[in-house]
Every structure is written in C-alpha cells, then in structure tokens.
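**Q** Protein chains in written order, with the working numbering: chain A, 1 to 74; chain Y, 1001 to 1141.
Be careful, since some hints might not be right.
Said to hold, decoys possible - Sample of chain Y residues facing chain A (criterion: CB under 10 angstroms; computed from the structure):
id: 1; residue: G1011
id: 2; residue: I1023
id: 3; residue: A1026
id: 4; residue: L1027
id: 5; residue: Y1030
id: 6; residue: Q1031
id: 7; residue: V1037
id: 8; residue: P1045
id: 9; residue: A1055
id: 10; residue: T1092
id: 11; residue: T1132
id: 12; residue: A1134
id: 13; residue: M1136
id: 14; residue: F1138
id: 15; residue: N1141
What the hints assert, rightly or not - In silico EDC-like links for lysine to aspartate or glutamate, alpha-carbon gap of 16 angstroms or less:
id: 16; chain 1: Y; residue 1: K1101; chain 2: Y; residue 2: D1140
id: 17; chain 1: A; residue 1: K32; chain 2: Y; residue 2: E1015
id: 18; chain 1: A; residue 1: K32; chain 2: Y; residue 2: D1140
What the hints assert, rightly or not - Across the chosen pairs, the derived CB separations fall in these ranges:
id: 19; chain 1: Y; residue 1: Y1039; chain 2: A; residue 2: A44; range: 51 to 57 angstroms
id: 20; chain 1: A; residue 1: A44; chain 2: Y; residue 2: G1110; range: 56 to 62 angstroms
id: 21; chain 1: Y; residue 1: A1127; chain 2: A; residue 2: V23; range: 47 to 53 angstroms
id: 22; chain 1: A; residue 1: I26; chain 2: Y; residue 2: D1003; range: 22 to 28 angstroms
id: 23; chain 1: A; residue 1: A8; chain 2: Y; residue 2: L1117; range: 29 to 35 angstroms
id: 24; chain 1: A; residue 1: E50; chain 2: Y; residue 2: D1083; range: 25 to 31 angstroms
The set of hints was computed from the structure by calculation and includes no laboratory data.
In this text, all values refer to a predicted model and were calculated from it rather than measured experimentally.
Using N, Cα and C, we set each Cβ at its ideal position, and we do this for glycine too.
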Amino acid sequence: MSDRPSHARQMVGSLLVAVAIVVVTIVVVTAKFGPTSAAEREAAEERQEERLKLQEDIEKARQDRLEEERRGRD
Amino acid sequence: MEDLVERLARGNVTEVKVMLASIALALAVYQLVLIAVCYGKVRPPFLASRPAGLAHRTSGDAIAVIMVVVAVICLSYFGFEDDATVHVVAATALLVVLAVKVAVLRVFHGASRLLPLLGSSVFVLLAITWVTSAGMYFADN
Chain A
1 MSDRPSHARQ MVGSLLVAVA IVVVTIVVVT AKFGPTSAAE REAAEERQEE RLKLQEDIEK
61 ARQDRLEEER RGRD
Chain Y
1001 MEDLVERLAR GNVTEVKVML ASIALALAVY QLVLIAVCYG KVRPPFLASR PAGLAHRTSG
1061 DAIAVIMVVV AVICLSYFGF EDDATVHVVA ATALLVVLAV KVAVLRVFHG ASRLLPLLGS
1121 SVFVLLAITW VTSAGMYFAD N
C-alpha cells in the first residue's frame, strides 16, 4: 500500500504552492517598483516643477521691475 | 472605461498591469511542472498524475481570468500603440490560442491530442507578451 497523501490533499498542496508562487511574485515585483506609488511620484514631480516655474516667474518679474526702475531713473 | 481602470489602479495602471502579467507568467511556469507530472514525464513521490492534472486545470482557470483582465486594462487604457507591434501580435495570438484551448477542453474533446501543442503555444506567447511589456518596463526602470 502506498504511503502517498490522499488525492484531495495532493490537490490542495499543489494549489497552496500556486498561492505561494503568487505571493512571492507580488513581493518580488513590489520590491522592483519601490515603496512609493508611481502616481504619487509623478504628482510630487509635477508639484516640484510647478514650484520651480513659479520661482522662475517671480524672479523674472523682479528682474523686469528692477529694469523698469533703472530706466525710469535714467 | 479608461477612467474606471485608472480609478481602480489609483493611477498606477502600468504597475498593476505589470504585476498581473508577472503573476500569470510565474503561474504559467508552474503549469509546465504540473502538466509534466500529469502526463507522467516527471514522477515525484508526493504528487500523482490525477491531482496534478486537476491543479493544472484550476490554476489554468485563474491564469485565464488574469489574462483577460490584463487584456481589458491594456486595450481600454493603452489601446493599440504603433511602437508595440510584437506585443500586440503576441497578445492577440495568445488570447486566440487560449480561447481555442478552452474550447477543446470544454467542447471539442475529439481534438484533445492538440492540447500539448496548444498549451506550449500559450506558454510561449505569454512569455513573448510579458517580455515585450513587463520585461521592457523592468529593463527601462
């Protein structure tokens, strides 16, 4: 007589291996993605770009104002 | 549909697609092991042919659902991009061959001798589809 587990147990065991493969894949792929979601990263980059653009606009407006003041004095 | 996909993925549509495709590929590799046991090519002492075949069919159903979900995400969000011809052709062929395999399993039992060929084709096409999307994504990042 064979000492193999029953077919039902073998089937459940095979499916548990499949579940383990899914879990390992999720862990590995998530590790590749990194801790922050891509959407959040893109939004942060967009905010950073907007901040830089705003700073540039303020600086340009300041330069224009100074230029106009200098012309007014001349 | 595009908005729904984006909302469900919380803006991470590509990442969700890559994750699901990777799970499908990992399970497909396991499917090869199970079918080798089922056909008696490999005889491990802890797994008989019949339960291996049943597990192959059960996880195959799960893979089929994942593939359809990925296809819906891909078509509704990305569409047919010009620079992804190999991916589009491989993915379309994959879904067609998968549909034929399911039809042979459920309806046309007389053509069951084609199952090994169909199964191998599904695996190869899935691998090509993964390499040309998720594989490229990992290579670029």
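**Q** Would you settle whether the hint for Y/N1141 is holds or violated, based on the nearest Cβ-Cβ distance to chain A being less than 10 angstroms?
**A** holds, 8 angstroms
**Q** So does A/I26 sit 22 to 28 angstroms from Y/D1003, Cβ to Cβ?
**A** With Cβ atoms ~26 angstroms apart, the hint holds.
**Q** Classify the hint on Y/L1027 as holds or violated, based on whether any CB of chain A lies nearer than 10 angstroms to its CB.
**A** Y/L1027 check passes; min Cβ-Cβ to chain A is 6 angstroms, inside 10 angstroms.
**Q** Does the nearest C-beta of chain A fall within a distance shorter than 10 angstroms of the C-beta of Y/A1055?
**A** Hint holds; Y/A1055 Cβ to chain A Cβ min 3 angstroms, cut 10 angstroms.
**Q** Does Y/M1136 meet its interface restraint, that is, does its C-beta lie within less than 10 angstroms of any C-beta in chain A?
**A** Given a least distance of 13 angstroms, the restraint on Y/M1136 is violated.
**Q** Against chain A, with CB atoms and a cut of 10 angstroms, does the hint on Y/I1023 hold up?
**A** Where the cut-off is 10 angstroms and the nearest Cβ of chain A is about 5 angstroms from Y/I1023, the hint holds.
**Q** Should the hint that Y/T1132 touches chain A count as held when the rule is a Cβ pair under 10 angstroms?
**A** Constraint on Y/T1132 not satisfied, violated at 17 angstroms.
**Q** Between the beta carbons of A/E50 and Y/D1083, is the distance compatible with 25 to 31 angstroms?
**A** Given about 30 angstroms between the Cβ atoms, the range holds.
**Q** Using 10 angstroms as the Cβ threshold, decide whether Y/V1037 counts as touching chain A.
**A** holds, 9 angstroms
**Q** So does Y/A1127 sit 47 to 53 angstroms from A/V23, Cβ to Cβ?
**A** At 21 angstroms between Cβs, range violated.
**Q** For the range 56 to 62 angstroms, tell me whether the beta carbons of A/A44 and Y/G1110 fit it or not.
**A** holds, 59 angstroms
**Q** Against chain A, run the beta carbon of Y/T1092 and see if the smallest gap drops under 10 angstroms.
**A** violated, 24 angstroms
The structure fails to meet hints 10, 11, 13, 16, 21 from the earlier list, while all remaining hints are met.
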